[in-house]
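Visitor: For reference, the chains in residue letters:
2 protein chains.
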Amino acid sequence: MLKIITIFFFTILFFKANADDGYRLWLKYDLLKNTSQKSEYKRFTNFIDNQFGESTIVNTAQKELKNGLAGMLGIALQSSSKKVGGIVLKKDLTIPKEGYKIQNIGGNIIISAQTDKGILYGIFDFLRQIQTESSISTINISSSPKIQLRMLNHWDNVLGTIERGYAGSSLWKWYELPENIDPRYLEYARANASIGINAVVLNNVNASARFLTKEYLAKVKALADAFRPYGIQVFLSVNFASPKILGKLKTSDPLDPQVRAWWNNKAQEVYSFIPDFGGFLVKANSEGEPGPQEYGRTHADGANMLAEAVKPFNGLVIWRAFVYGPDPKGDRFKEAYNDFKPLDGTFAKNVIVQVKNGPIDFMPREPFHPLFGAMPRTPLAMEFQITQEYLGFSTNLVFLPLLFKETLETDTYATGKGSTVAKVIDGSVHNYPITAIAGVANTGSDRNWTGHLMSQANWYGYGRLAWNHEISPEQIADEWIKMTLTKDQSSHKIVKNILLKSRETYVNFTNPLGLHHIMGQSIHFGMEPWLEKSARPDWTAIYYHRADSLGIGFDRTSKGNNALGLYAQEVQNQWNNPQKMDLNYLLWFHHVAWNQKLSTGKTLWDELCARYYTGVTEVEKMQNEWNQVKSNVDAEIFEDVKGRLAAQHREALNWRDACVLYFQTYSKQPIPAPFKKPERTLDEMKKIVEIYQLK
Amino acid sequence: MLKIITIFFFTILFFKANADDGYRLWLKYDLLKNTSQKSEYKRFTNFIDNQFGESTIVNTAQKELKNGLAGMLGIALQSSSKKVGGIVLKKDLTIPKEGYKIQNIGGNIIISAQTDKGILYGIFDFLRQIQTESSISTINISSSPKIQLRMLNHWDNVLGTIERGYAGSSLWKWYELPENIDPRYLEYARANASIGINAVVLNNVNASARFLTKEYLAKVKALADAFRPYGIQVFLSVNFASPKILGKLKTSDPLDPQVRAWWNNKAQEVYSFIPDFGGFLVKANSEGEPGPQEYGRTHADGANMLAEAVKPFNGLVIWRAFVYGPDPKGDRFKEAYNDFKPLDGTFAKNVIVQVKNGPIDFMPREPFHPLFGAMPRTPLAMEFQITQEYLGFSTNLVFLPLLFKETLETDTYATGKGSTVAKVIDGSVHNYPITAIAGVANTGSDRNWTGHLMSQANWYGYGRLAWNHEISPEQIADEWIKMTLTKDQSSHKIVKNILLKSRETYVNFTNPLGLHHIMGQSIHFGMEPWLEKSARPDWTAIYYHRADSLGIGFDRTSKGNNALGLYAQEVQNQWNNPQKMDLNYLLWFHHVAWNQKLSTGKTLWDELCARYYTGVTEVEKMQNEWNQVKSNVDAEIFEDVKGRLAAQHREALNWRDACVLYFQTYSKQPIPAPFKKPERTLDEMKKIVEIYQLK
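If you read the protein sequences in the order shown, they are chains A and B. Under this note's numbering, the first residue of the first sequence is numbered 1411, with each subsequent residue one higher. Under this note's numbering, the first residue of the second sequence is numbered 1411, with each subsequent residue one higher.
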């Protein structure tokens, strides 16, 4: 035995440096140290009795349970049907599909569900209770998802790159598939299942037609087979011009009979590979992608043609509303609304329209998209971005559940007070028959999955909110920190504080007071408020901030382009008055004079500067706070986060100096005390951004 | 203690699934099972006595030694100066720089060297002796590198992609640098040091100008600092147009005084960041890259200007000879020779010209580049490609030391018999004052570094040959298999057999008999012998195979374009006569009639078919052989390689069927018995390639 100990000892020693490289995410299952809790858990984990019935997913769930308990409690859970002190899986037809109950009944933990997926989610919840060291003696949990389809959208390309991906290359190794199944596919699936995600779109919405070829369908099938035991359904983004590209037809007109026949046949082929295939996601007539408008048809014509093709197989079509034309007099804010609102009620029943959370494009803060609440007869899906395209890539710590929650909780007033965005997309406002939510994934081949370890919390938090949008960011932070980082209470408190302040900090040093779209051309992590020329006017920065000698901001009130008029009157009232409104949205809707006194008591210019400077100070605070947790988190994780915080500080200084110096050329006012003026010149700041635009 | 054992036990259990993900490469340091060997080793590892002297590199070496012995022998090596039974590090000025001796003198293992790098390499060699379970009682090793600069060239781009990389994204995380030091940088450095690599070029030869900005130099410095303790020097690829791009000059003319001043200042800046910076690698006037010829200057003018800039700092300029113009009447085979041969003797002393192993571009088999032996007054570096651009990406098992060795051993006859390519580049033929060898890296962010686990052997083998080109591929295979895969003797034999046959197998099913450049446009792992139109004539396939109703092959004899005339007469004699020559090079130099009887007794057509079919059969054999080692290699590695072999089989069938069907349209002859004609049509084969060319 001593020899074995020695072997283990040195193996462990050797691995130590890489012991916590973040690969295990929040599913660590390390042995619990809290002995009193452990003995409580052991009282209920003497056996497992599966009365629910066998299925692949139930087997997965049981394996997961055994694995988790082996790790955390050091026990080997055996199947048995003893009477007391075990875990019993039961069928309960009264529980909503995918929902579950966890109860202590007569000294057993009963996990009951209607479906096998419910059992899977119940077991992951039970494991989470143990991971977070909650008491289970009086456990009584009843949970079911508020939204049916809880999706990840991967913007992964055929050659292994990821559009807006900052954590390595694609997880999907297309060249090796279908023959080689990377064990990581399973780890990916279990991580998703553990937070209730049940569907993934594998490829970029700027879709290659390759994916619909027989050769690639065989590869997609291999992934679908790998994910299925974890209850995850596979979707594909499709190229609307596929009939021309693959079928060699002369048109992709959705009303052309040959085109319709091509799609019908293609759908049949797809389902012959993957009988439970989810359906198609489509980006059409947007940013150069093909679509029905090329043929004078509407988005509904396009979507309905595809819907017809997948309908025999219970497939869905998810049609993105992210469309905008290059009209110099237009405003992206309004265009999706103008295109889609008139189509309400004309979509086939198996079509969902997927709308980004805000009207522009995943800015650090946006007002909710005006389509939410405006399409009572068309199921709308929410599209959030988990990858940090405009939130600092993977060098910035930003806890996104705060952003998600902010949008979800906003009231659309569509059918009166309380018609929150969350209630629109969960179907309760308009009684949508299908409900869906999508997050653009932040996963990649980096060992820790998300580049910034703290961004794992965004994947986790997205999943938790997709399941139940009523959970608070605080709860998400609590769970995630305990499962992933530390169980030390004072460190927990510090990290939680960092997470909860992080999003506002990022907004402050980049886009305070409702500024938006002033990031670097093509390099979206940096700043370029001076950008005045681009391939399209609405790709510049000046189009959005409209700074001039008088003031700054985009007048979207009725005196301006009245984009604000797209919202319900109650929403308009909230944002109509620059004096009384939430200043976080100010410059989204108003052009405000530099010397205008704001509700904070400061002038606009002084407030703007204060926020930029405070943002940087807050990053410095995060750095100091993180240093305090050193002894209670893994050494490798500590150093990694510390290094990234230092990079974030550098970037925050860049944003601050660049923006205040640039806007100062309009305001013509000094940096207000107590802040010191930047040590660098505007020209120097411009050069910093240029670096990132060199080939 | 029992509790600790339990903790270890379950930690190990949990990690088991990922225990051998290939991350540890050949530096596994697992506890040895062979107890008799172990007790021999323990007799000499009671202490370490560093009489050499302290230095960062010596510290690294000692740490590595302690780590390795802790893992393999389960002992904790302590510093001490006992008399007998330990390891003693000593200085010996008679040993060549970077060389070392390992001897048993008086019951101690003496590792001696002139320099600290020598100690580092000696210690890695000593560890390798233990890893491979060699006896050390009578150890007496004297080794020094035959080539001074043993480099990896990374074709890594600023945005994290790798040109011709098939193992994930770049290891260098530019956005996180310089603040965040990924622990993987150290693992990379130690892997290189363990095989004697002492220099790396960090970025793609299609170079972004970004790398020469102050911001990026700070990042490069961070990497240089991480690599330095392992004796690795950093180089950068530079964009020749940097004076225009970064300096805003109107020209990048190498004879312009302002341009020269710009480079002088830039070099000074680079060295202010990294005092031991290696120098610049340049791809100029090739495939669209800028260069001196734009200004009517020669490659020597360009190289010498840069050489002047780095000379005060002992820097080097490595100038690539991979140039070719889009002349439809030209031949890439001849162009580098024609451009560079006349410049021999005109380059500055700190310039090295880097030449690819063959005259076209890293084909599965090429004759050696005619510049080797033709530039007596210009140090030539060898450029091999370790990444498998034309050798099946990371789905094909190809043991490249066979290819490297084949080139190195070929005789140029430059100064008479025995003037092998190896002796040209190690300087012994022409007395080059600087000697260098470069391998285009196959590393990436994939957990196992190289995508295909077996491709680790190519990185390893490249390093070993760069150190000593006299080592045989058999020895490399022996070492690598023992260190990486298995110590079971029968499995060792099987894997070795697979490795040693793998390269010929790949040649057979892709480019038999000297065929070349018939791969897919842009997708180089597939076949496209029918490719007849491209942006340049020499990017097509028909330009190279020249198949017609009479025969196939490129007549490069004096009756053709006489590229063969670039070689020494003895070499010409070898390849002049299609009846007597090595058939592996046949179609490189001759257009041969379909019915021509070859030295094998078969007609050309029959031989061509036989090789394509045999190639596929050999893949099937590899698959069967691999299945036999299942119980003696790690389960995860076994499955991964098995899956990739299956993918390789699919690709081999594609190559075979596509090529024989296409060439059959010229030969008009049936597939010879006993081979069965392909089940697919040529049109079907064409479609398979088209898939990979869809957006």
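Be careful, since some hints might not be right.
No copy is singled out in the list; a pair is fine if it fits within one copy or between any two copies.
Said to hold, decoys possible - Below 25 Å or equal to it, Euclidean Cα-Cα: the simulated SDA-like pairs (lysine to any residue) are:
1. K1943 to L1753
2. K2052 to L2104
3. K1438 to R1857
4. K2052 to I1591
5. K1624 to L2104
6. K1903 to T2027
7. K1443 to E2089
8. K1897 to L1442
9. K2031 to L1442
10. K1507 to L1753
11. K1438 to E2046
12. K1438 to R1594
13. K1507 to N1550
14. K2052 to E1697
15. K1751 to Y1433
16. K2007 to I2101
17. K1448 to Y1953
18. K1624 to Y2072
Derived by calculation from the structure, the hints in this document are not laboratory data.
Visitor: Run every hint past the structure and note whether it holds.
Guide: Cross-check of the supplied hints:
1. K1943 to L1753: neither (34 Å within a copy, 46 Å between copies)
2. K2052 to L2104: neither (28 Å within a copy, 42 Å between copies)
3. K1438 to R1857: Classified as both; 15 Å inside a copy, 19 Å across copies.
4. K2052 to I1591: between (35 Å within a copy, 10 Å between copies)
5. K1624 to L2104: between (39 Å within a copy, 14 Å between copies)
6. K1903 to T2027: within (20 Å within a copy, 63 Å between copies)
7. K1443 to E2089: neither (50 Å within a copy, 63 Å between copies)
8. K1897 to L1442: Answer is within: at 10 Å inside a copy they meet the 25 Å cutoff, but 37 Å across does not.
9. K2031 to L1442: Neither, since 31 Å and 49 Å both go past 25 Å.
10. K1507 to L1753: neither (31 Å within a copy, 77 Å between copies)
11. K1438 to E2046: both (15 Å within a copy, 20 Å between copies)
12. K1438 to R1594: both (15 Å within a copy, 22 Å between copies)
13. K1507 to N1550: within (18 Å within a copy, 72 Å between copies)
14. K2052 to E1697: neither (38 Å within a copy, 42 Å between copies)
15. K1751 to Y1433: Neither way: K1751 and Y1433 sit 44 Å apart in one copy and 53 Å across, limit 25 Å.
16. K2007 to I2101: neither (38 Å within a copy, 61 Å between copies)
17. K1448 to Y1953: Neither: 59 Å inside a copy, 73 Å across copies.
18. K1624 to Y2072: between (54 Å within a copy, 23 Å between copies)
When each numbered hint is compared with the structure, violations occur for hints 1, 2, 7, 9, 10, 14, 15, 16, 17.
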